[in-house]
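In numbering that gives the first Met the number 0, the protein residues as written are 0 to 148.
Since the hints were made in silico from the structure, they are not lab data. Idealized CB from N, CA, C, for every residue including glycine. Mixed in with the good hints there might be a few duds.
If you anchor each label on the Cβ, the simulated ranges turn out as follows [what the hints assert, rightly or not]: (1) Glu-54 <-> Asp-113: 16 to 22 Å; (2) Ser-28 <-> Thr-96: 28 to 34 Å; (3) Pro-145 <-> His-23: 32 to 38 Å; (4) Ile-132 <-> Gly-44: 31 to 37 Å; (5) Arg-111 <-> Leu-45: 21 to 27 Å; (6) Glu-54 <-> His-23: 22 to 28 Å; (7) Ala-46 <-> Gly-107: 29 to 35 Å; (8) Arg-84 <-> Glu-25: 24 to 30 Å; (9) Leu-33 <-> Arg-103: 24 to 30 Å; (10) Ser-32 <-> Pro-145: 31 to 37 Å.
Using 20 Å as the maximum straight-line C-alpha spacing, the simulated EDC-like pairs for lysine to aspartate or glutamate come out as follows [as the list claims (entries may be wrong)]: (11) Lys-99 <-> Asp-133; (12) Lys-65 <-> Glu-21; (13) Lys-99 <-> Glu-51; (14) Lys-65 <-> Asp-113; (15) Lys-99 <-> Asp-113; (16) Lys-99 <-> Glu-114; (17) Lys-65 <-> Glu-77; (18) Lys-65 <-> Glu-25; (19) Lys-65 <-> Glu-40.
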Amino acid sequence: MAELIRLGGDVARYIAAFGHPETHAESASLLASLPGPVRRERASGLARTYLEYREAGVTVIVERAKLDAAIVTLVGGEGFEPYARPAQFIEGIDFATAYKDEVRSVLGEPVRADEYQDNFDVAGAHVVVGYDIDDVWDVQVLARSPLRS
């Protein structure tokens, strides 16, 4: 098995906060750094809450009272501004200008890919990069791979 890539950049703060409650030092610091008011949306019938930081272009997902995933919007829309630091989110990728081939050159071969997204297993997380044709649309970072049971 190939050694998993360690991610640098803003994403490292999200990965460090995963698995911790909102009040944990790593989580609290991350959430406090996101601009704008937070909109809390509890998923009906699930132990999941979405923390929407629309001005930041970020949604943090809290599952069973612990940070579990983040969605970073790079294009904006549906009330979300685009993420303000696209060149700093994952070290080596400027998401403001990156294409699918550039993402793969940094993150490696996806564990699953289709026309709309690439799934990557990296050290400490699972990354899903969404595309609109070849342009990057959004990046999801999850504490664990949805592809594995």
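Hints versus structure:
1. Glu-54 <-> Asp-113: 16 to 22 Å: violated, 31 Å
2. Ser-28 <-> Thr-96: 28 to 34 Å: Once the Cβ atoms are compared, 29 Å apart, the range 28 to 34 Å for Thr-96 and Ser-28 holds.
3. Pro-145 <-> His-23: 32 to 38 Å: Cβ of Pro-145 to Cβ of His-23: about 23 Å, so the range 32 to 38 Å is violated.
4. Ile-132 <-> Gly-44: 31 to 37 Å: holds, 35 Å
5. Arg-111 <-> Leu-45: 21 to 27 Å: holds, 24 Å
6. Glu-54 <-> His-23: 22 to 28 Å: The hint (22 to 28 Å, Cβ to Cβ) holds, given that Glu-54 and His-23 are roughly 23 Å apart.
7. Ala-46 <-> Gly-107: 29 to 35 Å: For Gly-107 against Ala-46, whose Cβ atoms are near 33 Å apart, the range 29 to 35 Å holds.
8. Arg-84 <-> Glu-25: 24 to 30 Å: About 19 Å separates the Cβ atoms of Arg-84 and Glu-25, which means 24 to 30 Å is violated.
9. Leu-33 <-> Arg-103: 24 to 30 Å: This hint holds: roughly 28 Å between Cβ atoms.
10. Ser-32 <-> Pro-145: 31 to 37 Å: At roughly 26 Å between Cβ atoms, Pro-145 and Ser-32 fall outside 31 to 37 Å, so the hint is violated.
11. Lys-99 <-> Asp-133: holds, 5 Å
12. Lys-65 <-> Glu-21: holds, 7 Å
13. Lys-99 <-> Glu-51: Violated - the C-alpha atoms of Glu-51 and Lys-99 are around 26 Å apart, more than 20 Å.
14. Lys-65 <-> Asp-113: violated, 30 Å
15. Lys-99 <-> Asp-113: holds, 11 Å
16. Lys-99 <-> Glu-114: holds, 10 Å
17. Lys-65 <-> Glu-77: violated, 26 Å
18. Lys-65 <-> Glu-25: It holds: about 12 Å lies between the C-alpha atoms, which stays within 20 Å.
19. Lys-65 <-> Glu-40: holds, 15 Å
Of the numbered hints listed earlier, those contradicted by the structure are 1, 3, 8, 10, 13, 14 and 17.
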